[in-house]
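Trainee: Residue strings, one per chain:
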Amino acid sequence: MKKTLIINLKRFGDIFQTGHLVSTLRKNQPNHEIHLLCYEECATSTKILKGITKVHTLDRKKITSYYKNNIYSDGLAINDLQQKMEEVNRESFDRVINYSNDKTSTYLSSFLANSTTEIAGISFTPKQTINYSNNSAIILNDIVTQTDFTPFNFNDLYHQLVEETYTELSVEKVKSNKMHDKTALNNLDRLRAIKNDDSSSVSIVGFQICSSSVLKDIPFDTLTKVIKSVFDHPNMVPIIIIAPTAKERAFSNKVNDVFDNKLVSVESDFIALPSVLKNIDLLVTPDTSVKHLADLVDTPVLEVSLGHAPFMKQGTINTRSAIITAPPHLRIFKEGGEPEEKIRETNSRLSETLIFHTILSLLGTEGGSVENEISDFCVYRPVKVVDGIYHMPVSGPISGLFEAKRVLGRAIIQKIFKGVVDENLIESSYTKIDRRDFQKAIEEEKEALSMLTKELLSTLRGLIQTQESKTKAPAFIEALEKLLSRCFDRNLAALPALVFRAQIESLNSDSLESNFKEVEALLYTLKDNLQKSLSVYKTCEEIGYGVKSIQRRSEIRNEGQL
Amino acid sequence: MDNSHFTNSTIVEVKSSKTDLPVPVVNNVHLHSIYNPEREAEGFVGASEKTLSKSSKILVFGLGFGYHIAKMEQRLKALYPNGYQVFVIEPNQELYRKWKDLRPNIFSPNIKVISYSEVKDFYKDKELVEFLSEKPGILPHPASFQLNDKFFKTFMSFHYPTSIMESLYFIEDEKLISYLQNEDTSQSTSELIERVKNKGFLQGYDFLTLALDEMVEGR
Numbered sequence: 001m002k003k004t005l006i007i008n009l010k011r012f013g014d015i016f017q018t019g020h021l022v023s024t025l026r027k028n029q030p031n032h033e034i035h036l037l038c039y040e041e042c043a044t045s046t047k048i049l050k051g052i053t054k055v056h057t058l059d060r061k062k063i064t065s066y067y068k069n070n071i072y073s074d075g076l077a078i079n080d081l082q083q084k085m086e087e088v089n090r091e092s093f094d095r096v097i098n099y100s101n102d103k104t105s106t107y108l109s110s111f112l113a114n115s116t117t118e119i120a121g122i123s124f125t126p127k128q129t130i131n132y133s134n135n136s137a138i139i140l141n142d143i144v145t146q147t148d149f150t151p152f153n154f155n156d157l158y159h160q161l162v163e164e165t166y167t168e169l170s171v172e173k174v175k176s177n178k179m180h181d182k183t184a185l186n187n188l189d190r191l192r193a194i195k196n197d198d199s200s201s202v203s204i205v206g207f208q209i210c211s212s213s214v215l216k217d218i219p220f221d222t223l224t225k226v227i228k229s230v231f232d233h234p235n236m237v238p239i240i241i242i243a244p245t246a247k248e249r250a251f252s253n254k255v256n257d258v259f260d261n262k263l264v265s266v267e268s269d270f271i272a273l274p275s276v277l278k279n280i281d282l283l284v285t286p287d288t289s290v291k292h293l294a295d296l297v298d299t300p301v302l303e304v305s306l307g308h309a310p311f312m313k314q315g316t317i318n319t320r321s322a323i324i325t326a327p328p329h330l331r332i333f334k335e336g337g338e339p340e341e342k343i344r345e346t347n348s349r350l351s352e353t354l355i356f357h358t359i360l361s362l363l364g365t366e367g368g369s370v371e372n373e374i375s376d377f378c379v380y381r382p383v384k385v386v387d388g389i390y391h392m393p394v395s396g397p398i399s400g401l402f403e404a405k406r407v408l409g410r411a412i413i414q415k416i417f418k419g420v421v422d423e424n425l426i427e428s429s430y431t432k433i434d435r436r437d438f439q440k441a442i443e444e445e446k447e448a449l450s451m452l453t454k455e456l457l458s459t460l461r462g463l464i465q466t467q468e469s470k471t472k473a474p475a476f477i478e479a480l481e482k483l484l485s486r487c488f489d490r491n492l493a494a495l496p497a498l499v500f501r502a503q504i505e506s507l508n509s510d511s512l513e514s515n516f517k518e519v520e521a522l523l524y525t526l527k528d529n530l531q532k533s534l535s536v537y538k539t540c541e542e543i544g545y546g547v548k549s550i551q552r553r554s555e556i557r558n559e560g561q562l
Numbered sequence: 001m002d003n004s005h006f007t008n009s010t011i012v013e014v015k016s017s018k019t020d021l022p023v024p025v026v027n028n029v030h031l032h033s034i035y036n037p038e039r040e041a042e043g044f045v046g047a048s049e050k051t052l053s054k055s056s057k058i059l060v061f062g063l064g065f066g067y068h069i070a071k072m073e074q075r076l077k078a079l080y081p082n083g084y085q086v087f088v089i090e091p092n093q094e095l096y097r098k099w100k101d102l103r104p105n106i107f108s109p110n111i112k113v114i115s116y117s118e119v120k121d122f123y124k125d126k127e128l129v130e131f132l133s134e135k136p137g138i139l140p141h142p143a144s145f146q147l148n149d150k151f152f153k154t155f156m157s158f159h160y161p162t163s164i165m166e167s168l169y170f171i172e173d174e175k176l177i178s179y180l181q182n183e184d185t186s187q188s189t190s191e192l193i194e195r196v197k198n199k200g201f202l203q204g205y206d207f208l209t210l211a212l213d214e215m216v217e218g219r
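In order, the protein sequences belong to chains U and Z. Position 327 of the first sequence, counting from 1, maps to 327 under this note's numbering, and the rest follow consecutively. Position 32 of the second sequence, counting from 1, maps to 32 under this note's numbering, and the rest follow consecutively.
Don't read these hints as lab results, they were simulated from the structure. Note that beta-carbon positions come from the ideal geometry of N, C-alpha and C, so glycine has one too. Careful: at least some of the hints might be erroneous.
What the hints assert, rightly or not - Facing chain Z, from chain U, some residues (calculated, C-beta under 10 Å): (1) Cys42; (2) His56; (3) Thr64; (4) Met85; (5) Thr117; (6) Ser265; (7) Lys446; (8) Glu447.
Excised from the complex, chain U in its bound form (with noise of 0.2 Å):
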């Protein structure tokens, strides 16, 4: 049986995902036992998860305090830290899955490898140069973290960092706690049938009304409105969920003095939860862990993503959810990239409507139809695609041209690193988003295409110059790093300068020579880059005008023919 160690520092909604890989893996390859690295604070989130042979924990509080506490010595970190990660070593993984990627993760990762084994994702090397293990460690380290417009979601590329792509599996990802099961079930049931005789035409809405910042939750106003129109409804219940903590209890009691005390209010541990959310059919949340937890119990989510919570990196997967989002060629998805009054002043303009009714379409209830909503803010949803899954508009006020750019950003890297295009997705995307503003899109980053090439063609002039002789270095070095800032630009043309820039860092060699030619050829790829980005513009222009179409019609025929 082989060892695969998930290493994952993040917090309770990440652990939660990283289910999802889990299950994948366990369905996969069930010739590994998976084990997982996570903090000892989160600890508690991981025991829910199915498929996981052990958890090994690093006491982060303690060996932080440890460091920085004057009265302690800082052997007693360092001798911590160690002793852990010889435990993790003593089991000798086969895999070391670098999940959460950060500054941390990459170094423990690099302790742990060796000849027998093998890291997924980015390790640093003797050198301290980055080493990806695939194309998808260039896409999780170096794009999604770069630009405005995240072609890819985390869970789709934790899944390619092991060569796997997601689909959404019909397997318990999440262990059953039968006692909680059988109490939730009931008692919800005994829910539905108080509102209606026929209680299996009752609906149970949950509310998640806490996130773990201020500027996340839905507003009070906008949220205990939603709730009553939940409450009135003649086949809907509504019911609070919160976490056993004296600020959530608080503030549920704040939203139940509204209605005279008369919601429901659940209060649940990460235990017995997913017993909860099993048994409810929606649930309403913020950028929350529960979420998470929701997707991977297969409840329909609709999330209401306010501040800089990022819908586009890790919101809700499930096809049947959805997400409600200021225009996101507006939003910062950074903490503290907007100001504070900003954020409230945008999150006061969500109406309650727009959430009900969002609500009666994801339960499939009359009245329930968004397309035609006008509001300030947009609705997704999340849709199955070749590749995993894609946030997909639906409604409001997006903006064509960032949607194309979306689009197109998502097919580049398609085209760059497997030489095929989701056609399908170009495709469905025209029935959302104006041709003209494909077209729009595609002129502009064609201009900014034709200004990269002017610069590479400079830095391979420069190049051949300096390997003829060493005196016209400067002026390549020079050409060389205005080629690396158009990583910074935004627009695409930054997403094969962020792919070569990453090759670049990755290089190992010890010469200057084999330098200069690794270097050499990591420009001729990025020429190809760029003639790939060309040919997918060419591509969305076809589709857009019918012609891909016709000629598929065509070959179908044909096939018919023969």
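On the provided structure of chain U, position chain Z as indicated by the hints.
Mentor: Frame of chain U, contents of chain Z only:
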């Protein structure tokens, strides 16, 4: 530097209270009531109720002859039937020895009394350090604290030396000791980390050293 620097005197007299219990006297200071040390201890526990009810882990400054600790333990048993833990810090080693000889109070294994010659030695006690990292409630025994106030203040504001040499005491693994000994052991941990960052070739514990640096900074 031994604790006589901090304590006013190491000479311990033992007198008998009106209730026939031994009472230590240090430098003419009675560490417990000469009338009824057990009743006085009840008062101490009553005044400490807030701290006791917040945490099942308590750090006590000052042993005396333990009457306050015995009463405190009764309260902790009631508050925390599933378990509690107490460390008692006593800088006066003569007092500690006399207490052990006379045994006026018997404590459960949940209570540990420690006495060392230097403040630093307390912070070398791995059990105590582990206990401190769990942020226990702190209760000073008033008479002991006043008698040894310089010691306890130094204890609370101690700066453990940061050199690698000093850190070696806590390292259990021989290979890690060997790795650290190959470095300049007079340098501090942060200097070691900078040196590792600038190395041309990293292996093994170099990566762990850098992982520590990133982890404590939350990266």
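Trainee: It remains to establish, for every hint, whether it holds in the given structure.
Mentor: Going down the list of hints, with the structure as the test:
Checking U:Cys42 against chain Z by beta carbon gives a least distance of about 14 Å; that is not within 10 Å, so the hint is violated. The beta carbon of U:His56 comes no nearer than 14 Å to any beta carbon in chain Z, farther than 10 Å, and the hint placing it at the interface is violated. Given the 10 Å rule on beta carbons, the hint for U:Thr64 holds: about 5 Å separates it from the nearest Cβ of chain Z. About 6 Å separates the beta-carbon of U:Met85 from the nearest beta-carbon of chain Z, less than 10 Å, and the hint is met.
Taking 10 Å as the C-beta cut-off, the interface hint given for U:Thr117 is violated, the closest approach to chain Z being about 13 Å. Checking U:Ser265 against chain Z: minimum C-beta separation of about 27 Å lies over 10 Å; hint violated. Of the supplied interface hints, the one on U:Lys446 is violated, with its beta-carbon coming no nearer than about 38 Å to a beta-carbon of chain Z, more than 10 Å. This hint is violated: U:Glu447 has a C-beta 37 Å from the nearest C-beta of chain Z, more than the 10 Å allowed.
When each numbered hint is compared with the structure, violations occur for hints 1, 2, 5, 6, 7 and 8.
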